[in-house]
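There are 2 protein chains.
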Amino acid sequence: MSRLRVPVIRGIGDDCAVIRFAANQEAIVTTDFSIEGVHFRREWHPPDSVGHRCLARGLSDIAAMGGKPLAAFLSLALPAHFSQRWVDGFFDGLLKLASRHKVTLAGGDIAESPAGVLADIVALGSVPRGTALLRSTAKPGDRIYVSGQLGGSAAVLAQFLAGKPRISGVANQCHFYPDPRLPIGRILREKAIATAAIDLSDGLSTDLTHLCQESRVGAEIDEALIPLANIANSTVPLTFALNGGEDYELLFTARPRSAVPRRIARVPITHIGRIVPGSGITLLTATGKRQKISPGGWEHLSKSRRAFTRG
Amino acid sequence: MSRLRVPVIRGIGDDCAVIRFAANQEAIVTTDFSIEGVHFRREWHPPDSVGHRCLARGLSDIAAMGGKPLAAFLSLALPAHFSQRWVDGFFDGLLKLASRHKVTLAGGDIAESPAGVLADIVALGSVPRGTALLRSTAKPGDRIYVSGQLGGSAAVLAQFLAGKPRISGVANQCHFYPDPRLPIGRILREKAIATAAIDLSDGLSTDLTHLCQESRVGAEIDEALIPLANIANSTVPLTFALNGGEDYELLFTARPRSAVPRRIARVPITHIGRIVPGSGITLLTATGKRQKISPGGWEHLSKSRRAFTRG
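So the protein sequences, as listed, match chains R and F. Using the working numbering, the letters of the first sequence correspond one by one to residues 1 to 311. Using the working numbering, the letters of the second sequence correspond one by one to residues 1 to 311.
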């Protein structure tokens, strides 16, 4: 049906964009800032990476709901007399990712920024009625899984912070051009594999805490099972997986008897622990100890106030 | 139906908000920045006015489409160690307006700003399929109408810029607490009065130019017919109506034989001119001259870059 293939009826050029949903679909909406000095630095991140990551943040939230992205809206504040070349690069990166996932840039706003580049992305998607993957529906006994490897993005950033950047190499894709896990989210929903899901934007300890709080449960994770990323030929420290951010992998739960594939959409899926009654997260260490862990919140490049942030 | 009364299925607390539309509805979406130093100054605008105006910008776009607002998403960047009292006031103003128009604040993002307060509002509404009022559908022969009085908001701002602020008095409501014309937009759509519509956020000369460009037509307006606002017991200069901004009134067109009420939702409706073939806007002056006018773009408090801005 053409209405499903061309959901954006009116795009840029009117007061609002008009978007059509099929009768059995619900709209899902998320907004995410990308702020210079907080989420990126212009001296570290090439402009197309900034544009890519800006949209990836929104699409990752759509993925975590098992949704299909339809449209994005970009509000972009730029300093006066700003480099057009940089802006072109930013849009190149953003539009390339949009094209890969068939997302229409349907509008937005542009204004002058008092300091630095500031972007706010809105991602709009759809999901069949009542089927969105939520954070609040994990149950004690469910197993906990993550996609891909964790801690890579923080490890790349740590190299920059330490003044030892190694920009080249596909190893750093995970930081500069993370691919939102839309195919995984959609399969988890379609095949009813996941009982709950969240994307890993702030680090395992923080995002798993969010999921546990919303579901009113606790969790135990096994240190030995956590899939640590490999950066520059070495495995990243555990803390980057637990407390680093911006991996944009999915964390989900499934009933213990569910057959969870080892790979979904060609990405490894790893069982890392289980949901338990109560609250809080316990890490079973490699040496057999039980250690309570608290959200070691990813604060990007500086501390940010997070009052009612979405993942 | 409860689904129409409670369209926001999931709000703050998950990766995305989930919003349900009835089968015959289309979604309409708009985003608008409110930037300190560009759209407001903290020394001039009380915090509740900044919050009110932030949401009003989005709701006015929904009104211009004849839509019903459902939900808003707020991304708010604040300087470090910022006044909680100011933030509380901001939310008071925003939520009061949201409540008046039955809009749910369904999510957003909060981050640290490198300089000044920066808000980005997303307004999401609905409109019955295929009935949204557009900018692109005016035809030669149509009459041009505006709601309310024009130029008041700019006149109030001019007092501040001249160092002669007169904050008190309901006369300044039009600047500090403009009421988005949602009831007017809805009636224009429901009664099929308007052939095209836009909201007056950038001034008559700019917004009428947008409508004419999108419709590929020209326009003639009569100076003597333009309803000028009264501020501090005097009629504002014509330039504020033509080139001032942030009046948040509606401009619409109607077939010449349509019966357009003199008031809609208790707001005066004034016939100010007509759509003509060709392009550009001609002002018929009070002295009988024909004068071409160009978009005298409202640039808020400083020049802003407007590449793909919505009204």
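Mixed in with the good hints, there may be bad ones.
The list makes no distinction among identical chains, and a pair is therefore deemed to hold if it is satisfied within one copy or across any two copies.
[Claimed, not checked] Cut-off 25 Å, straight-line C-alpha distance, at most; resulting in silico cross-link-like pairs (SDA-like, lysine to any residue):
{"#": "1", "residue 1": "K292", "residue 2": "G13"}
{"#": "2", "residue 1": "K191", "residue 2": "W86"}
{"#": "3", "residue 1": "K102", "residue 2": "R129"}
{"#": "4", "residue 1": "K164", "residue 2": "Y177"}
{"#": "5", "residue 1": "K139", "residue 2": "I12"}
{"#": "6", "residue 1": "K139", "residue 2": "T235"}
No lab work stands behind these hints: they were computed from the structure.
To see whether the hints hold, each was checked on the structure:
For a Cα distance limit of 25 Å, the shortest separation of K292 from G13 across copies, 24 Å, qualifies, whereas the shortest one inside one copy, 53 Å, does not. Taking the shortest Cα distances, K191 and W86 never come within 25 Å of each other, neither inside one copy (42 Å) nor across copies (48 Å). Taking identical chains as interchangeable, the C-alpha atoms of K102 and R129 lie at most 25 Å apart whether they share a chain (21 Å) or sit on different chains (23 Å). In the homo-oligomer, the alpha carbons of K164 and Y177 lie at most 25 Å apart inside one protomer (19 Å), although the nearest pairing across protomers, at 52 Å, exceeds that limit.
In the homo-oligomer, the alpha carbons of K139 and I12 lie at most 25 Å apart only across protomers (21 Å), although the nearest pairing inside one protomer, at 44 Å, exceeds that limit. With identical chains, the CA atoms of K139 and T235 are never at most 25 Å apart, being 32 Å at best within one copy and 66 Å at best between copies.
Violated hints, in rising order: 2, 6; the structure is consistent with all others.
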